Each structure stands twice: as C-alpha cells, then as structure tokens.
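For the record, the sequence lines run as chains C and X. In terms of this note's numbering, the first sequence opens at residue 21 and continues consecutively. In terms of this note's numbering, the second sequence opens at residue 318 and continues consecutively.
Since the hints were made in silico from the structure, they are not lab data. Keep in mind that the hints are not guaranteed to be accurate.
Lysine-lysine pairs mimicking DSSO-like chemistry, simulated, CA-CA at most 30 Å apart [said to hold, decoys possible]:
#, chain 1, residue 1, chain 2, residue 2
1, C, K111, X, K349
2, C, K168, X, K696
3, C, K180, C, K168
4, C, K67, C, K168
5, X, K592, X, K791
6, X, K482, X, K349
7, C, K168, X, K349
8, C, K149, X, K791
9, C, K149, X, K695
10, C, K180, X, K696
11, X, K592, X, K695
12, X, K696, C, K111
13, C, K143, X, K482
14, C, K149, C, K180
This one's a predicted model, so the numbers in the text were calculated from it and none came from an experiment.
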Amino acid sequence: MPSQRDDSIAHDTVAPVHIAVDRAHASQPAGPIKIRARDVNVFYGDKQALFDVSLDVPENSVTALIGPSGCGKSTFLRSINRMNDTIPGCKVTGRIELDGEDVNDRSIDPVVLRARVGMVFQKPNPFPKTIFENVAYGPRIHGIATGKAELEEIVERSLKRAGLWAEVADRLHQPGTGLSGGQQQRLVIARAIAVSPEVILMDEPCSALDPIATARIEELIDELRNQYCIVIVTHSMAQAARVSQKTAFFHLGKLVEAGPTGEIFTNPRDSRTQDYITGRFG
Amino acid sequence: MLIWIALTALLLFSAATYMAARRKAVAATGGKPVLLHSLPGYYGSYAALWVGAPAALLILLFAMFGGRMEAALLRADPPAAVQALTAPQQDVFFDDARAIAHGGQPSETIYDGDLKTALDAKAAKSAHLQNLIQYGSVALGALLALAGIMIAYPRIGPQFRARNKVEGWIAGLFIACSVTAILTTAGIVASLVWESWRFFQAVPIHEFLFGLEWNPQIAMRADQYAGTGAFGAVPLFVGTFLIMMIAMLVAAPIGLYSAIYLSEYASPLTRSVVKPLLEILAGVPTVVYGFFAALTVGPIFRSFFNWIGAQLVGGSFDGLGQYLMQVQNQMALVAGAVMGIMLIPFVSSLSDDIINAVPQSLRDGSLAMGATRSETVKKVVLPAALPGIMAALLLAVSRAVGETMIVTMAAGLQAKTTLNPLDTVTTVTVQIVTLLTGDQEFDSPKTLSAFGLGLTLFVVTLMLNIIALRIVQKYREQYD
Numbered sequence: 021m022p023s024q025r026d027d028s029i030a031h032d033t034v035a036p037v038h039i040a041v042d043r044a045h046a047s048q049p050a051g052p053i054k055i056r057a058r059d060v061n062v063f064y065g066d067k068q069a070l071f072d073v074s075l076d077v078p079e080n081s082v083t084a085l086i087g088p089s090g091c092g093k094s095t096f097l098r099s100i101n102r103m104n105d106t107i108p109g110c111k112v113t114g115r116i117e118l119d120g121e122d123v124n125d126r127s128i129d130p131v132v133l134r135a136r137v138g139m140v141f142q143k144p145n146p147f148p149k150t151i152f153e154n155v156a157y158g159p160r161i162h163g164i165a166t167g168k169a170e171l172e173e174i175v176e177r178s179l180k181r182a183g184l185w186a187e188v189a190d191r192l193h194q195p196g197t198g199l200s201g202g203q204q205q206r207l208v209i210a211r212a213i214a215v216s217p218e219v220i221l222m223d224e225p226c227s228a229l230d231p232i233a234t235a236r237i238e239e240l241i242d243e244l245r246n247q248y249c250i251v252i253v254t255h256s257m258a259q260a261a262r263v264s265q266k267t268a269f270f271h272l273g274k275l276v277e278a279g280p281t282g283e284i285f286t287n288p289r290d291s292r293t294q295d296y297i298t299g300r301f302g
Numbered sequence: 318m319l320i321w322i323a324l325t326a327l328l329l330f331s332a333a334t335y336m337a338a339r340r341k342a343v344a345a346t347g348g349k350p351v352l353l354h355s356l357p358g359y360y361g362s363y364a365a366l367w368v369g370a371p372a373a374l375l376i377l378l379f380a381m382f383g384g385r386m387e388a389a390l391l392r393a394d395p396p397a398a399v400q401a402l403t404a405p406q407q408d409v410f411f412d413d414a415r416a417i418a419h420g421g422q423p424s425e426t427i428y429d430g431d432l433k434t435a436l437d438a439k440a441a442k443s444a445h446l447q448n449l450i451q452y453g454s455v456a457l458g459a460l461l462a463l464a465g466i467m468i469a470y471p472r473i474g475p476q477f478r479a480r481n482k483v484e485g486w487i488a489g490l491f492i493a494c495s496v497t498a499i500l501t502t503a504g505i506v507a508s509l510v511w512e513s514w515r516f517f518q519a520v521p522i523h524e525f526l527f528g529l530e531w532n533p534q535i536a537m538r539a540d541q542y543a544g545t546g547a548f549g550a551v552p553l554f555v556g557t558f559l560i561m562m563i564a565m566l567v568a569a570p571i572g573l574y575s576a577i578y579l580s581e582y583a584s585p586l587t588r589s590v591v592k593p594l595l596e597i598l599a600g601v602p603t604v605v606y607g608f609f610a611a612l613t614v615g616p617i618f619r620s621f622f623n624w625i626g627a628q629l630v631g632g633s634f635d636g637l638g639q640y641l642m643q644v645q646n647q648m649a650l651v652a653g654a655v656m657g658i659m660l661i662p663f664v665s666s667l668s669d670d671i672i673n674a675v676p677q678s679l680r681d682g683s684l685a686m687g688a689t690r691s692e693t694v695k696k697v698v699l700p701a702a703l704p705g706i707m708a709a710l711l712l713a714v715s716r717a718v719g720e721t722m723i724v725t726m727a728a729g730l731q732a733k734t735t736l737n738p739l740d741t742v743t744t745v746t747v748q749i750v751t752l753l754t755g756d757q758e759f760d761s762p763k764t765l766s767a768f769g770l771g772l773t774l775f776v777v778t779l780m781l782n783i784i785a786l787r788i789v790q791k792y793r794e795q796y797d
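Bound conformation, chain X alone (with noise of 0.2 Å):
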C-alpha cells in the first residue's frame, strides 16, 4: 500500500518538475522558446526523468527484494533455545515468526516455554524490520528524487543539450531491456549447466551419451541396481530423431511447395486468402494438436493397420500380418505425422519469404528465355533460394526435436532403440515432462537427469539455429 502511494506521490512529483523545468527553459529565453537548443519539452522530460526514475527503481528494488532482506536480518542473531534447533526446524521457526508478524498462516508447529518467548520477541522484531524497509526505501526514494532536482534543474539553460540527454536515457531503457533478456537466457543456462553437472557426477556423461538402456525407474532401489546402465540416452536419442525425420518427411514437401504456390503462381488475391488460412495452422495451441493426434489420428492409422495386418495374415506374408495386426494406438508415425502437419506453416512461411527475397530480374530472365513458371522455379528460383531453405529446414528441425506436447500425447512412454515407425518410441522432451512433473526429489539421478536431457537438447537446438541463422546471413550477402 505504502509502496503505491509513494509511487503515485513520485509520479505527480516528476509532473510538477516537468512544467517546472519547461517554464525554466522558456523563460530564460525571455519568451523566445526559438533560442533554445531543443524544443521546450526535452527539459521538461530531462529534469522529470532525472527526479523519477532513480527514486522509482530504488522503490521497486526494495518492494522486490525488501522481504528477503527483511529474512536474512531477522536470522542474524538466533537466541540459544534456536540455535538449539536443527537447520530445517530454523527454517520452520523463522518462517513462522514471519507468518505471524504479516498475518500470515504459520505452520502447526507448537512452540513453548524459550522458543514461545523467542518467537514473539522474532515476530516483533520482523513487523519491526519491515517497517523500517519500507519506510526506509521511501525515505530513500524522496532523497534520490531530491537529489535529482538538485542535479538537473540548475543545469535547465538555453544551452543546455536536453534533447541529447534525453536521448541518452531513451537508449539506456532498450539497453536495459536488451540486457534483462540476455541475462535471463545466461541464468536459465547456468541453472541447466548447474544442474547437468550435478547429474553428471552420479552418471558418467559417456554413459548418458551413448549408453543404450534408458530406465530412470529402476534406478532409484539403488540398493540393487546401479545407477549407470539405466541412464543411457540413446533409446531417447533416437525416438526424437525418428519423430523429427517423419515430420521433417512430412512438413518439407507440403510446407516447400505451398510456398511456392503462394510466391510464384498465386495471384494477389489467392495470396491474400490462402496464406492467413494457412498461417491458422501456425495459430493452433499444439495441446489440440496432440489430441488430434491420440484421439483420432492414432485411432485411424492404427485400424488401417490392423486392417492391412488382417490381409496379409495367412498369405505369403503371414509374419508381416501378424505384426501389423498388433500396432497399437500410439506410434512414432501418429506423433510424426501430426508434428509435420503442425510444421508446414512454419517451413512455408519462411520459405515464402526467402522466395519472395530472390530478385525479380532473375525470374524475369529465365521467363524471357522462354522457360515456364516451373522450369523458372526449378532452375533458377530454387537453386538461388536454396541456402536460406536449408537455414528455413534447419529451423523446423529444432522446432521439431523440441516438441512436446504431441509427442507426450502421441507418442508412448517405452524407450526403444528403433526406426519402425510403427513403434511406440519415446522422446528427450516426453521423458523431460515424465520426469519432472509430480512431487520430485532433488538430489536423485532420476530427476537431475532431465536436467541432462535438458542441456542436451539446448545444445543440439542451439547448433541447429546458429547453423541456420549463418547460412541465412551469407546468403542475404549475396543478394544485397
């Protein structure tokens, strides 16, 4: 509450300076706001913004970070009766003497005798502290925005370069933003690095890479199984690749030549239709993608199957009958097919763009030899337009390896080393999401190694998109 209105007082506070400033700058040109360096308002803003967004950080830095401030003061000096504890019955009490002191919900925990005096001496102590914070950090902020008239105002003159500063703190609010993504994806890294590390210290990493059992289950009874032969990643290594190539089968072709339909035969008004449907696709959350695909596209196959089994059985190949009659709902087809279907505006999109980008003179030439639309398109257009679609190809690959959700849905739970599409398989991300949901245990293999898979695909991922993205770059060279 208190934060808010100390906000509110801080904005009405740059206001004022604002109008300050502007009457400031105008009127030491004696009405003549032609003198000036910038135009009236760049004064206006350099001076609101140097009494406004110091003190509103600092505000919001403390509202952010006050309450683990406030916890870490409140443990500083322990009374003996809880230095006594254990280190997690510490957490308890602290915690509850917080809970107490903010009206919260504290645990069941009973308390008497030196720990009851303790905790009612902590709970004040807490209330106490957060009062001095918050109040503190207010203090704090009308300090800084006070310093920041200071700092700004005497300097409003017709010479001064307001708009030029203004500029500098308009640059320094996109660096800000820039650097809070980049320092996002550095720490989700190193927490992926972190946790892989420390997977890697009870599984070898050879062992995770080319190990050929994946049975993260049984390892846990430590006691008769070791930990090393069930976390051998290639089983899941190879369910990813095989998705991904059936998907890859299926999204290149039809993605590759839809965009070749938009960019080289339709005309503008098939475009303007044909491409939004197309791009509905993109629009479809892939949750309804992975029950289309258990719910009505395994179903279907499956029967086809089953069908085709059914002939077979009796004939000359009985086996192959047999076999067929036995495919179930879920299978490395199904969970492929879908994630394909899900590809194709992805690979048409960008590959109508890169179309699009190779010039129109080459086209013309090869139409004013006397070539056709489609000689046009196979012996010039493509082969000019050939890097970036393999950059655009590569994109889907990583799309595709990274997909989860069809796959949980589609694809099945069984590690197996095999290419039968046929085949329930399973994949990095499935095991990931198998792995992690639930109640977890941080210190066993089981849960750490989804940190593992996790940091492989990032790499794997990650190397497909540099790959793409400099095959992009030397080919925008080319034609720029």
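Next up, chain C with everything else stripped away, as it sits in the complex (with noise of 0.2 Å):
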C-alpha cells in the first residue's frame, strides 16, 4: 500500500512561496491540478477565519488537511463547495478554481457547483428516508435517471461502490436512520457519489466512528481516489498518514505547510508543523 501512495503523490506545479517544490517527485507522474486555491480570505462577521491560503488539490488522489481545532480546515473545505453562503455573515475573497474555473465567480450556479462537490460531513446525516431514497436524493433532484431502472441502477452502482450494497441489499427500503453509525456514513458516501461528482470532500468523516467502521471508511476512501479528487479534512494524524497522497497543515488560520504526505509527517519544514505532529500542540 504504502509504495502505491508515493507513486501517485502530487506534485506541486505552482507552490506557494513558502513550500519549496518537491524535486525529489519531479521525476514521477504528477497528477493535474484539480483546485487550485490563492490567496483565499474568510471572514465570519469581523473575525477572520483563513489568512490568505493558497493550496493545489491534485486529481485523483487524497489530500489531509490537518491542524488543531479551530484552524479554519473545515472552512477552507466549506468554501470549495461554497457551502460557508448558507452561513450568514460569511465572506470568502480569494480565488479558488475547481479545473480552471472560479467557484466564487457569479457565473457559477452554487448549486450546479455543489452537485460536481460533494460533500460528507462529520456526523453521517442520512436524511429521515429509506436506504434507497437517500441514494436517489441526488439523481433524483438533479433529472440525472431517465427511468425507474436506470435509478435503481444508480443506487445499487453507489451503494456497491461505497461497499454498502451486501449489507444493505435486501432493506432498500428501510428507513437509513436505521443503520449503525459505519453503514450511515457509507450511505452518506453513496449518496455523494451517486450523482458522479468529481470532487468529495470529507469534513471529519470518521470522528464520530469506532476503530472498525474507520477502517472500513478508510479503505474504502482509498479506493475511491481512482475516480474521484479527495479532500479530507481529519483529526487523527494516523489517519492523514494512512490515507493521504498529500497533506496540509493548517494553524491559526494560516496554511503554514502542505507538501507530499511522506515528507510532512517524515521531514516537515515548518517548527510549528514538527511540533504538531509529534504531539507537542493541539
């Protein structure tokens, strides 16, 4: 597993000016940028949140945003998929391109963004639906299946990418409430994935887990980076390690280092970053 990840590790075309570039990766396949934020600024009300981060998300890989608690991870991950509009008094300057393109630009629908996003948040949300519905929220609010079949095509391709479907196939149509913590938040999963997003965002995804449905979560995130651009935004240091190609390390609302997974948790840069991980804050 591991020697898979260093193949796929991104590289930094355009780096920040305090993140030198990984010569040591320049010879492997970099994977295209896939959003590519500068100088991002967010205010809540009069107290800002991110000072100017700028950060490159690579194609088809996992990137861990790591840092303390109230570092402002969560929101440079709420701002890609503008879900920091539906909190009232948010402001977001900066620029962040999802393949080329401003989020931020009036010319992008937030909604029509947050269908190519997805999302998977801290605590699993499934709505108070049955299984099968839950997975047809997207699809169905999107117009994306012509016909009954086609949908229930789209629900059980999810649920079997998510790794639910042998758990689940045989009580579509019980409620998802219903489930455990672990198979709510694969469900969460399916439903994201179920209207073919090109980027999954995961706020926390196994916080609120037990050891065994993270490890289930997080195989499965690590299948998934084959289609998908992952962002992930986590706590546990371990988990950053096991399944991220890249990591950034956020403080005090700063970006202070993102580079290559291995390097950060091996050689990082940055005091602030070798103390972090060692445990000595946070």
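Build the complex: two chains, separate frames, hints provided.
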C-alpha cells in the first residue's frame, strides 16, 4: 500500500511561496491540479477565519487537511463547494479554481457546483427516508436518471462503490437512520457519489465512528481515489498518514505547510508542523 | 384585622428565630463557620420555617374556612321556633343572624315573638363563635410556632444537615403548588362529570350525541314537547366542525408557510422583526377578533356574495344568484376565516420551533448535494418535521374547537346541520354561552345541557391534546 501511494504523490506545479517545489518527486507522474486556491480569506462577520491560503489539490488523490481545532481547515473545505454561503455573515475573498474556473464567479451556480463537489460530514446525516431514497435523492433532484430502471441501477452502483451493497441489498426500503454509525457514513458517501461528483470533500468523516468502522471508511477512501479528487479534514494524524498522498497543515487560520504526505510526516520544514505531528501541541 | 396582626407577629418571630438559630450554629463552632455542615443561613432558615410555615398555614386555613365553620356551628341546635320554619326560611334566618352579628345587611324579613328572641340569641352566638374561632386560631398558631421552635432549635449543631432539610421544605412548596393545579383540574372535571350525569338522567346520552334537532328553548315547555328530541347536539357538532375546518384551511397553510419563511429563508434581521410582529396577532384579545369579524369582515363578505348573486340572477345560474343575494352577515365562513387568522401565530410559532429542531446537518447534507433551499425544505426538512407539524395542527384544532368569542359574535345562533360555509351555524361553545348567561334554574335540562356540551368539548380537546403530545414525544426521541 505505501509504495502505491508514493507513486501518486502530487507534484506542486505552482507551489505557494513558502512551500518549496518537491524536486525529489519531480520525475514521477504528477496528477493534474484539480483545485487551485489562491489567497483565500474567509471572514465570519468581523472575525477572520482564514488568512491568504493558497493550496493546490491534485486530481485522483487524497489530500488531507490537518491542524488543531479552530485552525480553519473545515472553513477552507466548506469554501470549495460554497457551503459557507449558507452561513449568514460569511464572506470569502480570493480565488478558488475548479478546473480553472473560479467557483465564486457570478456565472457559477452554487447548486450546480455542489453537484460537482460532493461533501460528507462529520456526523452521518442520512435523511429520514429509506436507504434507497437517500441514495436516489441527488439523482432525483438533478434529473440524472431517465427512468426507474436507471435510477435503480445508479443506486445499486453507488451502494456497491461505497461498499454497502452487500449489507443493505435486502433492506433498501427500510429507513436509512436505522443503520449503524459506520453504515450510515457509507450510505452518505454512496449518496454523495450517486450524482457522479468530480470532487468529494470529507469533513472528519470518521470522528464519530469506532475503529473498525473507521478502517472500513479509510479502505473505501483509498478505493475511491482512483476516480475522484478527495479532500479530507482529519484530526487523526495516523489517518492522514494512512489515506492521503498530500497533506496540508493549518494553524491559526494560516496554511503553514503543504506537501507530499510522506515528507510532511518525516521531514517537515516548519517547526510548528513538527511540533503538531509529534504531539507537542494541538 | 386580627389575622394581619397575627401574621405580622409570626413573621417577626420567624425572623428573630432565624437570627437566633444562625447565631447558635456559628457559636457552636467557636466562631468558625467553615466547620458547619451547611452555610449558617441554612440553620436560620430551617428554624424559621419550622416556626413560621405550619402556624401561617393554620391561620390561613382558619381564615378561609372559619366562616363556614361558624355557620355550621350556629345551626347545630336550632330553637323550636326555628325548627318549625321551612328549609329555605331557615337559611334566611341564619343568614340574617350572621348579618346582624357581623354588621351586614339582613334581609327584609320581619321576625317577631319567639323568632325575634331566637334571632337575637343566634346573632349574639354568631358574634361569640366568630371571636372564638379567630382568637382560637391565633392561639393555636402561636402554640404551633412555639412547638416549631422547640423542635427545630435543639437540633441546631455543627453536624446537623440543615441544607438538606431546607431543600426538603422547598421541594414541599413546589409539590404543593403543582398539587394545587392538579386538584383544581380534577375539581373542574368532577363538577363537569357530575352535572353532565344529572343532564343525562333527563336526556339519554345517545339522543344527545346522535339527535339531529337542537332546540333547548322549546323543551322547557315540558307539557307540550318531551325534552328528548330537542337535545340532539349533532347540529352543534357539525357547526363546530365546519368552522374549525374553515379556520384550519386558513391557518394551516399561512401559519406553516410563514414558519418556513421564518426558519429557512429569513435573515436574522428580518426574523427579529417579523417574528414579534406575527406574535402581536397572538396578543389580540379574541373579543377584538370577534367584533372585527362581526362588524368588518361579515359585511364585506355579505356585500361581496350579494354582488356576485346580483350578477348571476337572471342568467343560467339564477337559483344560485337568488341564494347569494340573501346571504347574511353571520355565516360560518366569516367566523372560520377570522378564527383562522387568530390561529396563524399559534401554528406558525409552534411549527417554527419544530422546524428549527430539525438538525442543521440534514439541511447541510441536502444543500451539499446541490439541492436548492425549497427542495431541501420540501424533501428533507418538512418530512423530518412532519410529526411535529401534525401535532401543532392538532393543538390548533383543539383551540379552534374551544374558541368562543369569535363564533358567538360572528357565526349566529341557529342550530343547522349544514356544511354550507355561507349559512349561519352555531357551535358547541356558543350554545354553552347562551345557555348559561342570565338567570338560570339549575334543575332544568336546558341549563344542565351546557354541562353535557362542556363535557363533550372537554373530552374532544383532551383527546386531541393527548394525541398531539404523544406525537411530539415520539418525534423528540427520534433526534435526541
């Protein structure tokens, strides 16, 4: 597994000033940049939560955002699919490009954007509907399926990809809230991938789960990275090291350091990163 | 007067006990209050409660029921001359004796001979009894206060758990208050059931519940009509139901949609303005709604329908036109519509609470899927809030069924079994009002029927409330 990860470690083509280009991996195939954030500032009313964050997120890989609570990593995540729009008094400046298009541009419809950028939350939040209806929710509102058969196919495919099909195939029409925590989180992932997003944002997806369910989700994340660009916020250093190819360390609203996961964990450039990953604070 | 002096003295005595007990507790530790089990104030409160509470309760009880005790004692051994009187005359006699004794206004009955002597004797006895009861109660109170200090004061010491004991007294106070509320409710229900039972002696219950004719006036002339046919309450139930339906047709959508607007769309600023404005509606007295319905909405509706009627007369809908021309001010539609407006803030503020209780994570989940706000509301928030909203609507229904003032002023008095909203109908509450206003004799089925109606109403609204609360409870368990 680790060798596999090393192959796909992203190469920072346009690295923020304080991050040196990773020459060691220059010869390896670099994934194209999917999300390019430049000088992103986020304000909640008068309080500034993010300061000039610039980060590149490569395609077909997992990027982990780590840092102590309140450091702005979730805020950054939520500004990628403009979920911050739903918070009154929240203002975002700077550019966040998805495939070269600024997501904050007037021409971008946040509703369409969110169909392209799926999101999984900290606490599993299945809707109070059946398992089938939960997964069919996105395809229905976006009119993706043309008929019942196609809808059923999408649901089955999504559940299979989320590794939940075998467990729920015989009870698709029971409430999704009746599943266990880990199953609910996989159901929510199935719901997110049912609309074929390009990016999946995960905000501490395992923080409410036990170790076994966590292992299952991590396995799933690793499988999904072949098809999607995944950004995951996590408090678990071990999890970041296990699932991600690129890691970005946030502290007090600033991006301190970003680079290939292996390097961040073995050879961090900034002393704050060093302190955090070795558990000296946070 | 005496009772106020006694209570003041008791208060002062309690205060003194408080100080003394507090000082004793502190002194027992040699001036180091840290060594006490409880704060010094608790020792004071404990002793003061023992001194003040039972005595005050006793004096208040005597003040409340002393008059009745006196009256009962006064009648204990009536002289022969009084025994000869009829029961109502005896009542007047004793009332007069008490009135003379307490400086009241006796009736104009002329007493002479033996009766006059007996009256004077009884008046003197009444004054004597009153004094006895008053001074007796104060003396008993003083004894209780002394007993209290004898019990409490010796217990004061560093090891004594005064804090826990005071807690017990306070718990007792709260229990007493809630018991009062429960007992009052039980009393009301008991009186309803008792009087209804008397009513159902006169009118069989099935005729009351299923009879189609409501005419309590005619039933008074018992020699002409049997009381039976005239006490069929179905027209009242139908009228109540009709007005309730109209009210809910107005209140449910408007209230629910304004709740959705407030909780899902309005900015915090708008919400802080709109919500209080909506709640002002809830503060309007129902009698104001009543004359708004009767004097403003009624005539507007009538002229509107009359105008439509005038357009239709002579055309292919001539019959309908003729009917509309004759519509009156008082109709179910007016009462129902105005009642609906009254219920809007009720429905909206309950639904608002319920919609707000839907976890934000569900909204985020839906929005993050690329759903719009209205799709999120329609497909996620409302289904999740549905049980609670149903409960809110049921509570609104029970308010609508029990509402009195608006229907009294705007719906009319004619008991008709009709579902035509333009007709005048009457409701259960309106009939209760008309049956019980003015002088009533309490042994006629006419008056007693009000209790039958009241009991029916009580049972219906009680069921609605129970069902609504059950739904809300179930719903809460789902998300906690």
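Consistency of the hints with the structure:
1. C:K111 / X:K349: violated, 60 Å
2. C:K168 / X:K696: holds, 19 Å
3. C:K180 / C:K168: Roughly 18 Å between the alpha carbons, so the hint for K180 (chain C) and K168 (chain C) holds.
4. C:K67 / C:K168: Judged against 30 Å, a Cα distance of about 48 Å means the pair is violated.
5. X:K592 / X:K791: holds, 27 Å
6. X:K482 / X:K349: Holds - the C-alpha atoms of K349 (chain X) and K482 (chain X) are around 22 Å apart, at most 30 Å.
7. C:K168 / X:K349: Violated. K168 (chain C) to K349 (chain X) sits at ~82 Å, over the 30 Å cutoff.
8. C:K149 / X:K791: Holds, at roughly 17 Å.
9. C:K149 / X:K695: holds, 13 Å
10. C:K180 / X:K696: holds, 25 Å
11. X:K592 / X:K695: This hinted pair holds, its Cα atoms lying about 22 Å apart.
12. X:K696 / C:K111: The hint holds at about 28 Å.
13. C:K143 / X:K482: violated, 46 Å
14. C:K149 / C:K180: holds, 19 Å
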